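*Asks:* Residue numbers (our numbering), protein chains in the order written: chain A, 9 to 352; chain B, 997 to 1524; chain C, 2 to 179.
Note that these hints are calculated values from the structure, not bench results. Please read these numbers as outputs of a predicted model, since none were measured by experiment. Don't take every hint at face value.
Once the Cα atoms are required to be at most 20 angstroms apart in a straight line, the calculated SDA-like pairs of lysine to any residue come out as [stated by the list, open to error]: (1) A:K58 x C:R35; (2) A:K58 x C:P43; (3) B:K1216 x C:D94; (4) C:K97 x B:V1205; (5) B:K1216 x C:E98; (6) C:K97 x B:R1135; (7) B:K1223 x C:D82; (8) B:K1216 x C:R103; (9) C:K16 x A:M324; (10) A:K329 x C:L19; (11) C:K16 x A:P208; (12) B:K1223 x C:C83; (13) A:K58 x C:N37; (14) C:K68 x B:L1103; (15) C:K36 x A:R54; (16) B:K1216 x B:S1242; (17) C:K97 x B:F1141; (18) C:K16 x A:R325; (19) C:K16 x A:L209; (20) C:K16 x A:L212; (21) C:K36 x A:F45; (22) C:K97 x B:L1103; (23) C:K97 x B:R1137; (24) A:K329 x C:D15; (25) C:K36 x A:A38; (26) C:K16 x A:R317; (27) C:K146 x B:N1217; (28) C:K97 x B:N1151; (29) C:K46 x A:P52; (30) C:K16 x A:Q322; (31) A:K58 x C:Y42; (32) C:K36 x A:P52; (33) B:K1216 x C:G89; (34) C:K68 x B:D1104.
These are the residues of each chain, in order.
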Amino acid sequence: MDLLGFTIILVKVLVVFAATMLGVLVMIYAERRVSAFMQDRVGPNRVGPKGVLQPIADGIKFLMKEDLVPEKVDKPIFILAPAILLIPALMTFAVIPFGSSINLFGREIALQVADVNVGVLYILALTSISVYGIVLAGWSSNNKYSLLGGLRSSAQLISYELAMGLAVVSIILLAGSLRLNDIITDQQGSFFSWNIFRQPLAFLIFLIAVYAETNRLPFDLSEAEQELVGGYHTEYSSMKFAMFFMAEYANMITAAALTVTLFFGGWDVPLLDEGSLGLFGTLLSVLSFLLKMAFFLFLFIWVRWTFPRFRYDQLMRLGWKVMLPLALFNIFLTAGYLTLKALG
Amino acid sequence: MPLLKIDGKEIEIKSGTTVLQAAEANGIEIPYYCYHPALEIVGSCRMCLVQVEGMPKLQVSCNTFVSDVSSDRKVDGKYDMVVHTQNDLVVQERKNILEFLLLNHPLDCSVCDQAGECYLQDYSFKFGNAHSRFDENKRVRPNEFLGSQIVINHNRCIMCSQCVRFTQEISGTSELFVEARGYNSKIAVLEDNPLDNLLAGNVADICPVGALLSTDYIHKNRIWNLKKQPSVCQDCSVGCNVDVFSQTDQILRLTARENLDVNGYFMCDIGRYGFHRYEEIDRVLQPMVRKGDSFVSADWETAIQKTIDLIKKNKSNTAGIVSPFHTNESNFLLGQIFKDVLGSLPPITGEEITYPSGFRISADRSPNTRGMNDICEGIVEDLASKIKTQDIRTLFILDDGVDRKLDDKWKKIIGKMDSVIVLSYAMTDLAKLAHVVLPGHAPLEREGTITNDKGRIQWLRPSLPVKVESKPDWEILMLVRNALDKKTEHFVELGEVMKKMGEKFENYAGITFFKVGNQGYSINGKSS
Amino acid sequence: MATIVKSYEPTFWDKLYLPALMRGLIVTFRHFFRKNVTIQYPDQKHIPPEGYRGLHRLNKYPEGRIKCVACEMCSAACPADCIHIIPGPSPWDGGKERYPVRFDIDLLRCIFCGFCEMACPEEAIELTEIYDFSDYTRDDLVIDKEGLLEVYDLTKDQNYYTKKNLSKASSVNTSIDT
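Please build the complete structure, drawing on both the sequences and the hints.
*Replies:* Here it is as structure tokens:
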């Protein structure tokens, strides 16, 4: 690899990292404002114009707070756990294409950090790693609430990952590839070629599973504050707590991006050939990607302030008795259709 | 014995009692204002009206006597009298009477000191009407002083005349009388004969409404804020039974408590206002040890140690001085410590007063002279000469308190001592001469028994909380006793001291607080 | 005769839950555009309605005499036991012969139930609309007779939080202290 190529990759990594972190900041602000509006309140409006600097103030507060490590915790794991949670959350974004490719410096640059040919697998693998962060945090805290939170989280993630994976399988069957770019290309063309219209059942299962994967309401049993104080992060304070916080929002951003990629044609603008418009087309595609993502992020918050939390047994029943059979049925349906089509 | 039926309840009672007494003795409530068990019956308030079968009109139950009737006149063949206190006629009549009584009575309960213990309030609430039909203006008269301590609020007066009868029958001084008639009648005194006898305070007590007020308590507090503690007056050897009313650590007033064997229903003003003596005295609240010309405060351990050091220095030349102001238990313990020489300071006396009713103020102004003499064997008659002959060098004194004024002779005698230990609640003349002052409890804070001059043991109960580091007198004496002789028994509570005392003195055998109770226990029946 | 209550049989769509979820989402989304009800407290002040139970006051007669006669009905009625009164003979001629020498209310103990107001036979103690009287020490939150009378002067004519008074409002904390 030449120097230019290396630089380009480096720039892309930095841009994606910075964008994700910025997204986290925006999300923290958005969550508080949106939830306030939904409850007929005002929300943070003191720091900066309309309170936009609130996340910065929060960040400073977290930095200044005492970093408390309880006496009886398993120290190395206790300190490592937030990092184990945050790093995969940030890494996942590496394979997600966020725009059509551009021509610069005489070469075509894909707007994607790494075009991995098993991109979907990569994502599923990394989200599985993040559960370690939660379980380790819960276990090392030496606190019954934390442990319960961690246990709940692991059980929940295993149950829903299955349904999510199977829902994605039907998409992969349609696209015939694990590469995310291929999946996007597969959805290009008319408006109705998006997977949401071709695979509505898979979309529904995937969406629900995503909420469970990100530990967001109505599936936030691992930190259910009414029962478990703070769940797996009960004992955490200061920047360590902030890392859990950031990881949650980074996960949300990734999940939204993945949903867009798999079901809403990624950066695709319907009925438009981005390639023919040059740089403008690329910008348009990035904008389209961001808008779609913004909608799903808003949906995350919207759902949070609308639905109550599941009870634990309800959660498990929904996962194993409803979602899993439905996903299998969906694969069967898709495979059957494809077979019939191949047979002519 | 006549057989009564009151409200369906059969009552057999001695001939000559009134219907009111019969009902009261059997737990049937009949309201009254003018009746007082110690006073003549006048039947003027009409509150106690009841219906007696066979009589044409309602009868005042306080002046209707029960007697045997001939068998042919008995109701239902067996009842001598059938009385109704709750039927419609009686209830309506009570309402009417109360409405009359309230015609001119102001609705100023919020400023009235009787509120809370006022019979007019209680009965209006229980038996009266909610509204008055009286539209005219109420009669308004200014307040007047009847004596230096008693104010009358004429507006509140309901003319029960208990106070007038009190001055005529109990004190025999007859200062009060009812002036004019009917609407214009009021309680009055003659200008040259004000209500200033030593029993005057009782009229404020017996007044069923807030008309007669003691200037000592007026506008001081509300009755429901106060803690009421039965106790015994300690200002003369009669030992009148009293109720002490206090709030937190302040006594606000004393009232007489009924005890027919001692004081009847009344008390004198010497005892009533006597508690003020203890208010502005120089209290000793910590053990004090002399250092040169002044005292320094010490903790209990060092003070007790210092005490026994002083006593041990002249063990054989030490005398204890008991006090007629202290309880039997304190005197007993002191007597046990200093068996050899035991004396007491000259008695404090005053004028002996006996009222026509038999109410008595004793010449002996100390409460427990009889008890002290009973409990302490061999009290030296002439302590001054005994000190000289026996060459006494150390004195342990139970201080009489604020009433003891030392004359020069005794100041000189005590001043010559090597060491003087005083158990006192205040920095009295005596305590100022001491080398060690042990802080005890003031008279109304003490617990124990005292014996009055008629040989009645009575229970003193603490009416105020313990102040700072002071300890009960008996406990201090016990500490000294144990420190002097490690073999002596250690008493945990006052009851054990009383038991021990009973073992030593036959008269006091078996005395417990339970046995003494609120009404006292007489030891006169026994030989002494 | 027992009544047979027929329970609602959920239809297929009900069992699917999706329509219900959508309706829920619409409800919250509608609230998103609704006018918010927040009052920006230190900048804006909520004007309490008639009958609000806030800081106490002791009323005066037009000629300036305190209405209270120290009957201690309020302290007897007080469930929090926060009213402490020391009565005494009144220094004024005529009329009521008793008045409070001291009248202290421990605002930290007070639960603002208004029983004192109801118990008062002279209509002397009342609860006003003042709600912002926080302070830094416990002692400062025991309001005495002078403070209570001052509250009367502040509130007798108009609602304390009407525009005219708002600039003064921030100074009330210290001025009514003991």
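*Asks:* It remains to establish, for every hint, whether it holds in the given structure.
*Replies:* Each hint tested on the structure:
1. A:K58 x C:R35: Holds, at roughly 18 angstroms.
2. A:K58 x C:P43: Satisfied, since the Cα-Cα distance of roughly 17 angstroms is no more than 20 angstroms.
3. B:K1216 x C:D94: holds (19 angstroms)
4. C:K97 x B:V1205: Between K97 (chain C) and V1205 (chain B) the Cα gap is close to 18 angstroms, so the pair holds against 20 angstroms.
5. B:K1216 x C:E98: holds (12 angstroms)
6. C:K97 x B:R1135: holds (16 angstroms)
7. B:K1223 x C:D82: With Cα atoms ~16 angstroms apart, K1223 (chain B) and D82 (chain C) stay inside 20 angstroms; holds.
8. B:K1216 x C:R103: Given that 20 angstroms is the threshold and the Cα spacing comes to 12 angstroms, the pair holds.
9. C:K16 x A:M324: Holds. K16 (chain C) to M324 (chain A) sits at ~18 angstroms (cutoff 20 angstroms).
10. A:K329 x C:L19: Satisfied, since the Cα-Cα distance of roughly 17 angstroms is no more than 20 angstroms.
11. C:K16 x A:P208: Distance of about 18 angstroms is within 20 angstroms: holds.
12. B:K1223 x C:C83: Distance of about 19 angstroms is within 20 angstroms: holds.
13. A:K58 x C:N37: Cα-Cα ~15 angstroms, so holds.
14. C:K68 x B:L1103: Given pair K68 (chain C), L1103 (chain B) holds - Cα atoms ~16 angstroms apart, limit 20 angstroms.
15. C:K36 x A:R54: holds (19 angstroms)
16. B:K1216 x B:S1242: Given pair K1216 (chain B), S1242 (chain B) holds - Cα atoms ~11 angstroms apart, limit 20 angstroms.
17. C:K97 x B:F1141: holds (18 angstroms)
18. C:K16 x A:R325: Between K16 (chain C) and R325 (chain A) the Cα gap is close to 15 angstroms, so the pair holds against 20 angstroms.
19. C:K16 x A:L209: Cα-Cα ~16 angstroms, so holds.
20. C:K16 x A:L212: Status holds; Cα separation ~16 angstroms.
21. C:K36 x A:F45: At roughly 9 angstroms apart (the allowed maximum being 20 angstroms), F45 (chain A) and K36 (chain C) satisfy the hint.
22. C:K97 x B:L1103: Since the Cα atoms of K97 (chain C) and L1103 (chain B) sit roughly 12 angstroms apart, the hinted pair holds (cutoff 20 angstroms).
23. C:K97 x B:R1137: Measuring from Cα to Cα gives roughly 14 angstroms; hence the hint holds.
24. A:K329 x C:D15: holds (18 angstroms)
25. C:K36 x A:A38: holds (18 angstroms)
26. C:K16 x A:R317: Satisfied, since the Cα-Cα distance of roughly 18 angstroms is no more than 20 angstroms.
27. C:K146 x B:N1217: holds (17 angstroms)
28. C:K97 x B:N1151: holds (13 angstroms)
29. C:K46 x A:P52: Since the Cα atoms of K46 (chain C) and P52 (chain A) sit roughly 19 angstroms apart, the hinted pair holds (cutoff 20 angstroms).
30. C:K16 x A:Q322: At roughly 14 angstroms apart (the allowed maximum being 20 angstroms), Q322 (chain A) and K16 (chain C) satisfy the hint.
31. A:K58 x C:Y42: Holds, at about 17 angstroms.
32. C:K36 x A:P52: Holds, at about 16 angstroms.
33. B:K1216 x C:G89: With a Cα-Cα distance of about 6 angstroms, the restraint between K1216 (chain B) and G89 (chain C) holds, given a limit of 20 angstroms.
34. C:K68 x B:D1104: Judged against 20 angstroms, a Cα distance of about 14 angstroms means the pair holds.
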